[in-house]
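Q: What follows is the residue order along each chain.
Number of protein chains: 2
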Amino acid sequence: MKIVVDGMGGDNAPHEIVKGAVQAAASTNHLIILIGDEPQINKELEKYQYKKEQISVVHASEVISSDDPPVKAVRTKQDSSMVKGINMVKSGEADLFISAGNTGALMAAGLFILGRIQGIDRPAIASIFPILGKGGVTLLVDAGANSECKPNNLLEFANMGSIYMEKVMDIMNPTVGLVNIGTEETKGTTIIKAAYELLSKSSMRFVGNIEARDIPKGVCDVVVCDGFTGNIILKLSEGLAWTIFKLLKQKFTSGIVTKVGALLLSSKLKELKSEFDYSEYGGAPILGVKGALVKMHGSSNANAVKNTILKGIPYAENNVVQMIQNSVLELEEIIISE
Amino acid sequence: MKIVVDGMGGDNAPHEIVKGAVQAAASTNHLIILIGDEPQINKELEKYQYKKEQISVVHASEVISSDDPPVKAVRTKQDSSMVKGINMVKSGEADLFISAGNTGALMAAGLFILGRIQGIDRPAIASIFPILGKGGVTLLVDAGANSECKPNNLLEFANMGSIYMEKVMDIMNPTVGLVNIGTEETKGTTIIKAAYELLSKSSMRFVGNIEARDIPKGVCDVVVCDGFTGNIILKLSEGLAWTIFKLLKQKFTSGIVTKVGALLLSSKLKELKSEFDYSEYGGAPILGVKGALVKMHGSSNANAVKNTILKGIPYAENNVVQMIQNSVLELEEIIISE
Chain A
0 MKIVVDGMGG DNAPHEIVKG AVQAAASTNH LIILIGDEPQ INKELEKYQY
50 KKEQISVVHA SEVISSDDPP VKAVRTKQDS SMVKGINMVK SGEADLFISA
100 GNTGALMAAG LFILGRIQGI DRPAIASIFP ILGKGGVTLL VDAGANSECK
150 PNNLLEFANM GSIYMEKVMD IMNPTVGLVN IGTEETKGTT IIKAAYELLS
200 KSSMRFVGNI EARDIPKGVC DVVVCDGFTG NIILKLSEGL AWTIFKLLKQ
250 KFTSGIVTKV GALLLSSKLK ELKSEFDYSE YGGAPILGVK GALVKMHGSS
300 NANAVKNTIL KGIPYAENNV VQMIQNSVLE LEEIIISE
Chain B
0 MKIVVDGMGG DNAPHEIVKG AVQAAASTNH LIILIGDEPQ INKELEKYQY
50 KKEQISVVHA SEVISSDDPP VKAVRTKQDS SMVKGINMVK SGEADLFISA
100 GNTGALMAAG LFILGRIQGI DRPAIASIFP ILGKGGVTLL VDAGANSECK
150 PNNLLEFANM GSIYMEKVMD IMNPTVGLVN IGTEETKGTT IIKAAYELLS
200 KSSMRFVGNI EARDIPKGVC DVVVCDGFTG NIILKLSEGL AWTIFKLLKQ
250 KFTSGIVTKV GALLLSSKLK ELKSEFDYSE YGGAPILGVK GALVKMHGSS
300 NANAVKNTIL KGIPYAENNV VQMIQNSVLE LEEIIISE
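Sequences listed follow chains A and B, in order.
Residues in the first sequence are numbered from 0 upward in steps of one, following numbering that gives the first Met the number 0.
Residues in the second sequence are numbered from 0 upward in steps of one, following numbering that gives the first Met the number 0.
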């Protein structure tokens, strides 16, 4: 496997990206290709010891920044690390592309360069969500790519998410839940109700509507929603966890008795914090394009980069794109039968 | 002021309802009317000491349960505590109605019996949200009454929420934020974009789009969204807080050193928990109907009932319904000018 990592994407590029790539190289035999400004990347690489044959650098003279308008950036910055990296996946020079850069541009580049899998109307971003206290994960699809969705899009998200969980995360016959404002079949918008119908007819292990309160408890393996709702779920979880930890810290550092107590609990507090730490869980696969793309959090540190590379390998290796392609026929039958 | 409390609504009726009413009566001079099965309510009342002239009981022979289909229940159970209680608000025998019962039935009864405020297309449920660590609150409108909304509905929610925060919660010139997937004006669905336009033209203190991650941080006083999104925000917050506390408890009760640490922190942990405790913040006003209705959480305990009664008084007293009525003209001008 050849893994191309965007050396210029995200808030901490290139230093944390390069550092994470070096760390990943110590745990895998696959080839890691860092793409971006060669002098800058080489300067970072010089800081570390690693097997030279395992990390290579490909030069790209341009960078798509987080402020660039996605479509325009992809069209005009042809020699950017992102466009060039994805072109390597298209040409078969690489099997997986990973970036912490501009999400919209990554989606657009995936669509323009690789194209959609035939029969998939809308590719989606799938985000890994920790199930707190249980060690498992849930996959949230769509986590933000498509604000407005049709019922068949939600069916596609469920299908692609199920395949990803089975082939990449080793969860056999994963359960699928549809985010709604109540568990009853009659709840929700007209689009959600129609999606419920479609999902009921599929061969997926559909458990019905789920309420938002049950998502953190791990009520199902694949959580399906439109990208607007997915974005709300992702960001609210992030904001609430951040607020609670800040509050814990405030409370636990006032007064001497409290400080002693907090000291005795420090290892437990660290455990708790690591359960929330997105950098442990790897990146967010973009599902539905003809190639393996993974988006990392914009503020990814070396640990997040390392984990995204290592956890991304089975996405390319197990040929998820082909699996999705093969499954499309069943979806079309369901949609047409409506 | 006369406050009618549904003695039969919610999981803990009538005992916690009656207990909470007795507690509230100790802190206010207003008259509290408990409506429901008279023998049951009197039996509960006998347990307590209170000024007899301050609590009265009105008999209602029927109960709308949480499983009842809302519209049918309101149409057929004319002698239910809910229908009868709201009729008392309509006739002027009471100024405020509070219930922990079936939310859908409460909305339906509000619409059928009291009717909408003229010029308000869609009444909404407004939910009080704590700003953790800061002591303040945010009002979330709509928290679940309207899954699908038009742009003018979102404008109405913002307006009604602003009036409520100013007149009831004493927040002068409250800020209004529109829930979206990014802060840029160009983000979101066509409905959200159109609502952004309308809000920009209003005299409200509109701060623009807000992201879900900033809601718990108290980014604005009134958080505006459709009822689908509001339900997701409310229930995800509830579920995530519950999961984190469960995890804290698990972590802090394993091993002797940990237990000692947790003991030293116990007062701080209690403080933290009380910040999340919905029972401290009062109920959720239903805005847009011609009368003051407040919904309590279905599992409300006596403390929640007490706080909902006490915090509900200014809703009736400050004539919020009339204020909303007076403000409708400005909204109509904005909508027509589009």
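Keep in mind that the hints are not guaranteed to be accurate.
Note that identical chains are pooled: a pair holds if it fits in a single copy or bridges any two copies.
Restricting the straight-line Cα-Cα distance to at most 20 Å, the calculated cross-link-like pairs of lysine to any residue (SDA-like) are [as the list claims (entries may be wrong)]: (1) 250 <-> 210; (2) 245 <-> 218; (3) 71 <-> 248; (4) 310 <-> 135.
Calculated directly from the structure, the hints in this document are not laboratory data.
Here the structure is a predicted model, which is why all the values come from computation and not from measurement.
Q: Quick one: which hint numbers does this structure break? Sort them smallest to largest.
A: Hints 1, 3 not satisfied by this model.
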